[in-house]
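Colleague: Grab the two chains, each in its own frame, and use the hints to assemble them into the complex.
Each chain, letter by letter, is given below.
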Amino acid sequence: MMKRVLLPRAVAGGVALVLGLSLAACGGSDSGSGGSGSFKVLVYGDASNKVEKQIVATFNKTSKVKAVLQTIPGADYQQKLQTIINTKQAPDVFFNWGGGSIQPFVKAGLLLPLNDMIAKDPRLKADFLPSVFNSAVVDGKPYGIPMRGTQPVLLFDNKKVLADAGVSEPKTWEDLLSAVKVLKAKHITPIALGGGDQWPTLMWYEYMYDRIAGPGLFDKAMSGDKSAWAAPESRTALSRLKELIDAGAFGSNYDSVKYTDGGSVALVAQGRAGFELMGSWYYSQQQQDNPDFAKTGLGYTSFPTVSGGAGDPKDIVGNTNNFYSVLKKTKYPDAVAQFLKLMYSDEFVKAHMAIGNLPTTTNTTNFLNTATDPAYAKYQYDLVKAAPSFQLSWDQAYPQSASEAMHTAVQQFFDGKLDADGFIKAMQALPTS
Amino acid sequence: MTTTAEPRVARRRPVRRTGAAVVRPGFVWAVPATLFFLIFAVLPLILVAVLSFASWDGISAPRFAGLDNWRTLIHDHVMIQSLWLSVLITVLGVVVQTPLSILLGVWAAGHQRNRAVLSAIYFVPLLLSATAVSILWRALLDPNFGVPAQAKWLFGDGNLFGRQTSAIGVLVFVGAWQYTPFHTLIYQGAARAIPQVLYQAAEIDGAGRVRQFWHITLPQLRNTMITSMILMVVGGLTTFDTVLILTQGGPGTDTTISAYYMYQRAFKSFDFGGGSAIALVLVLIATVISLIVVKVSGYDKMRGTTEGL
Numbered sequence: 000m001m002k003r004v005l006l007p008r009a010v011a012g013g014v015a016l017v018l019g020l021s022l023a024a025c026g027g028s029d030s031g032s033g034g035s036g037s038f039k040v041l042v043y044g045d046a047s048n049k050v051e052k053q054i055v056a057t058f059n060k061t062s063k064v065k066a067v068l069q070t071i072p073g074a075d076y077q078q079k080l081q082t083i084i085n086t087k088q089a090p091d092v093f094f095n096w097g098g099g100s101i102q103p104f105v106k107a108g109l110l111l112p113l114n115d116m117i118a119k120d121p122r123l124k125a126d127f128l129p130s131v132f133n134s135a136v137v138d139g140k141p142y143g144i145p146m147r148g149t150q151p152v153l154l155f156d157n158k159k160v161l162a163d164a165g166v167s168e169p170k171t172w173e174d175l176l177s178a179v180k181v182l183k184a185k186h187i188t189p190i191a192l193g194g195g196d197q198w199p200t201l202m203w204y205e206y207m208y209d210r211i212a213g214p215g216l217f218d219k220a221m222s223g224d225k226s227a228w229a230a231p232e233s234r235t236a237l238s239r240l241k242e243l244i245d246a247g248a249f250g251s252n253y254d255s256v257k258y259t260d261g262g263s264v265a266l267v268a269q270g271r272a273g274f275e276l277m278g279s280w281y282y283s284q285q286q287q288d289n290p291d292f293a294k295t296g297l298g299y300t301s302f303p304t305v306s307g308g309a310g311d312p313k314d315i316v317g318n319t320n321n322f323y324s325v326l327k328k329t330k331y332p333d334a335v336a337q338f339l340k341l342m343y344s345d346e347f348v349k350a351h352m353a354i355g356n357l358p359t360t361t362n363t364t365n366f367l368n369t370a371t372d373p374a375y376a377k378y379q380y381d382l383v384k385a386a387p388s389f390q391l392s393w394d395q396a397y398p399q400s401a402s403e404a405m406h407t408a409v410q411q412f413f414d415g416k417l418d419a420d421g422f423i424k425a426m427q428a429l430p431t432s
Numbered sequence: 000m001t002t003t004a005e006p007r008v009a010r011r012r013p014v015r016r017t018g019a020a021v022v023r024p025g026f027v028w029a030v031p032a033t034l035f036f037l038i039f040a041v042l043p044l045i046l047v048a049v050l051s052f053a054s055w056d057g058i059s060a061p062r063f064a065g066l067d068n069w070r071t072l073i074h075d076h077v078m079i080q081s082l083w084l085s086v087l088i089t090v091l092g093v094v095v096q097t098p099l100s101i102l103l104g105v106w107a108a109g110h111q112r113n114r115a116v117l118s119a120i121y122f123v124p125l126l127l128s129a130t131a132v133s134i135l136w137r138a139l140l141d142p143n144f145g146v147p148a149q150a151k152w153l154f155g156d157g158n159l160f161g162r163q164t165s166a167i168g169v170l171v172f173v174g175a176w177q178y179t180p181f182h183t184l185i186y187q188g189a190a191r192a193i194p195q196v197l198y199q200a201a202e203i204d205g206a207g208r209v210r211q212f213w214h215i216t217l218p219q220l221r222n223t224m225i226t227s228m229i230l231m232v233v234g235g236l237t238t239f240d241t242v243l244i245l246t247q248g249g250p251g252t253d254t255t256i257s258a259y260y261m262y263q264r265a266f267k268s269f270d271f272g273g274g275s276a277i278a279l280v281l282v283l284i285a286t287v288i289s290l291i292v293v294k295v296s297g298y299d300k301m302r303g304t305t306e307g308l
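Going down the list, the sequences are from chains L and Z.
Per numbering that gives the first Met the number 0, the first sequence starts with residue 0, numbered consecutively.
Per numbering that gives the first Met the number 0, the second sequence starts with residue 0, numbered consecutively.
Extracted from the complex, chain Z is given alone in its bound form (with noise of 0.2 Å):
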């Protein structure tokens, strides 16, 4: 009889356990993350915007300079320049590292053991830190005891820094080698979640590798190719240590993305409020363009991919 009233009593906690789950987390759960947001974010912005209408140099008192710095903005061909640079290098890295990261990913997505291994090997450029992967292929890509005196059929003089074609391709290369790997694993975790009951199907309908590929394959990937790409656009956006270390902007500002023009501005030439404009200036764009491939990748209203399975 005992035994008979326990489980009535069990069986009662847990239900309203689960009713209270479903209210609402109450607001004092997100003050750590809101501090650390405010804090960490929107107080420098706003610093950074209070900066910009000021003169400093970073020693004596900063100065409020009006609009000067804006002005001087506008008409800065450098700037303009730099805009079209970021935009540039985030589109080949886009460009680059997406068909690359998918290939290798739904290949690495394979269950075999050399496969497994293969991976690990590929995960490995991205343990190392920017500035280390810079340096090295600063090292690698010497004209004269690199990688492209041994192959001047393939690089000529070797002048890879010396023109802005090729300093657009190192900086696009070496972040492709640094940041495919990152894709990859996001392309290999996908592609597992994949049913495989799809595949099967397909197998019954008669369809190959490639048409499962493409038709299988790439559709369920949709929503992972929107997170890859949003994490490369804002990387590709925000990249600077790898022109700091590889071109230092050069040859003369042709690889002067906004990024490093603003840290040239606030610590080359100590024009602190200058930079700080360039800053506003990019977080701008950052936003916008975020809020453009939400809309349009309808990233917003994400849909599952396995509706009626």
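Same shape as in the complex, but just chain L (with noise of 0.2 Å):
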């Protein structure tokens, strides 16, 4: 009796995992609000929601077909999306990064080319810096409509403790070095690093290649060319970097860190840590958890020049922008086309400017004293328009399936599990297409 029930049950436990699987594919939300007059627009979830809702209340006051906001919290935001992008709860309008992350549904044939939209309203391209509108063009095609600010990554830094430790801002890599050094003499983590979200370690990563290699190295990589990996500036580079680890730069505790549980970011804030290597949105994020020290202790600088490097010190890495993609099934792509129309208002670009964003308009310089921050504002704006090369975030640009491999990899040369020869054998492994 015993061994007749238990043996179904032993394959049953064993099944409940590949439950697991159909089931979680199944985990829509809200399909009540998807009826007759509305439409969904599904965004990345974190503090600049706060426009994001601000707009679609906007859109609502005066339209008739009704636009509803949903948010999908932090890193499992593209997981979400590809599991629902092609079922009933897909969204009719989402939130992306461009370029790779919506390359594999263009192919699939889900998305709306947008040249429609444009040719009725020609400003939907007009009023968007082009290089910026131009990440989300895919075969030739627009895609995407850019709605938040650009993010190029910025050096952070806390006032007070460089002040305390007589450190100024770095401007070259041997000035990081030495600053380095003065802080942990004093016991302060130098540079905060959220090493448990993996994505925050990569962007040393970006940078180090652009300053020794240039723009070039990474570009001969995604076009599928691997040998790149294994040129001499990839080795100094990845010497570059095991320098600075070596000099107890980020502590040894940072893979237990986050930045996405707010973990660096409180490191910083509380004058435990001198530096952090973040996105410009780690302002807003700032202001949010820590109003008084992003008022007046959170101080900002570009990526240190590397003498030697090929790289021009004006470049940058980051997100150009997120974009707005629109779903071929859409119910009401008139309404949509309205909805996107307000993403070059004057309202849009003011409510950005408050939190800290800098969105990518033409009428964005009218507004750059109306920041929070203005000199903030400006700086970035500056430092967008004059840099000679914009690096997308590596795990943006390679399509979506290399993503995991290339955040392991980032993780065990940081901690010294890979060495040089394992971190270029990963990369090189990696899928480009």
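Careful: at least some of the hints might be erroneous.
Which residues of chain Z face chain L? A few of them, derived with a C-beta cut under 10 Å, are [what the hints assert, rightly or not]:
no. : residue
1   : ASP56
2   : ARG137
3   : ASN143
4   : VAL146
5   : LEU159
6   : ASP204
7   : GLY251
8   : PHE269
Please keep in mind that the hints were generated in silico from the structure rather than gathered at the bench.
All residues carry an ideal CB built from backbone N, CA and C; glycine is no exception.
Modeller: Here is the structure:
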């Protein structure tokens, strides 16, 4: 008797695993709100949602067809999007990073090319900076409208910590190394790093490779020439990074710290760390978590120059912007077009300025002075305008299928579990298309 | 006279009823359960088996890929490592939880009021979802703002999630924190069911508390131990949420157990074919392990522990 009952049960236990796969795919929400007269807008959940909420409210005031905002918090956005995009729960309009992040959807024929909308309202294209707008052009057709601020990665710091230690914001790599030494001697973690999230660690590689080799090396690797990773410049970049890690720049417990749960943010705000390398959204994050510190204590500068490197010191890395893309099967393309027009409105620009984001519309310059911190807005704007190259984050440039293996390699090299050869091999193994 | 006739009828009926109960219930009774099992267990299993021979990114139509997924799986060192990690976490879970829950369960089996109150409190972690528990411990174990920051003598730099040994330790600890109460409950019930005469006899023979525990309580709990261990093994092999939230398989791939690796392949790298192949391997391994446990423990011909009483 026992045997007969147990055998199916043992199988069932295993099957529960399999079920997890199929059930997770069914996890939709808000199916009720998809009734007549509304379309769904899906957005990555973070501090910028304040503006998205405001814009949706503005739109709903005048429009008969209502927009419904849905947010997915933090790092799992792309996974959830991919699982629902070809189902009934799919949104009509969704947030993305342009480029590689929407390419598979375009290939599968799910997205609406925006040519018709632009033909009806040319401002949907003409009112955005071309370099930004073009990151969401796939196979010659536009698929995205910029919907947030541009996000260059900057080196942030706690001004008070630096002043107390007698350190100034580093201009060169040598400056940074000596600042690390001074801060470490004072028992302050020189650089906060949310290594548990892995992608903050990646930013150090992106800048280092650009400073040493220029943007060409990564472009070459992306085009499929995997020998680029084994080039001498690649090894130099890795050894420079190693130098920084070995100097104790990140402390020893960075892999237990996360950016996404506010751990590394608090370290800097409380003066227990000196620097943090992060996207420009860091400002609005600090403003939300520690408003007083954001106002008076938060410093920022660009990534230091590295002597002997081929890259232009004015190069930046990060996300050019985020985009709204539209699904082909939306029932209300006209209402969606009206909604997208708000992305170049004055209200949109002002609302983003107020939380420290820098929109990439042509009317942005008119409002630089209305930002909560005009100096920060102007600094970013000039930085982006002057940059000869704006490298899209590696994990967004590569196909999504590569990001997991890339993040693992990035973390393991920082931990010393992979040496330069191991890291190069791991990067060469990534799929590029 | 009428009164004597009635009991006769009444007496006959129960006899007929018990006779009917001996007949095995028809197949119809098993239909609901069988249907559920077919729809929610067998069907997905077949679909996953089919998918493991296909290449599918979740958006476009699946493509038949032959043995490709299986070939990559065999040569994938992360996969092989993940199997060992799954087994390690399972074994550690059993080793840590079993003695704890036996001791707690036997202790809680006493009828003293304070024990009843305390065991009610011990039960609380089980009422929380594994996700909530993991988030709680992730925050508590933060190296800069959590417990490790206050107890440097014990945790050093607090890099619990940055080293393989301590990351596995955290997973085992959090698992034990959450599931020990459940197994305690099982042992409490079992310990209460042990006939008191055995203890009375032992006392007369001069056995002390410790001897009573070793020679009466433990042998009497044998069947319960097997039940509890099988539950622990199944739970250990399917551990997922704690890994997802606490370590995300990191540092690197140091805590990437099979169930998490399956998720990673399917939902993070969008390789549903490869993910399905891993799922199938897990089903096979879980089945084999369960069969071994059944055979070795003699669960299939389990004997009563109260023979001769």
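Colleague: Each hint needs a verdict: does it hold in this structure or not?
Modeller: We went through each hint and held it up to the structure:
1. ASP56: Hint on Z/ASP56: holds, closest Cβ of chain L at ~6 Å, below 10 Å.
2. ARG137: Status holds, d = 7 Å.
3. ASN143: holds (6 Å)
4. VAL146: Violated, about 12 Å.
5. LEU159: Because about 6 Å separates Z/LEU159 from the closest Cβ in chain L, which is inside the 10 Å limit, the hint holds.
6. ASP204: violated (34 Å)
7. GLY251: holds (4 Å)
8. PHE269: holds (6 Å)
Violated hints, listed in ascending order, are 4, 6; each of the other numbered hints is respected by the structure.
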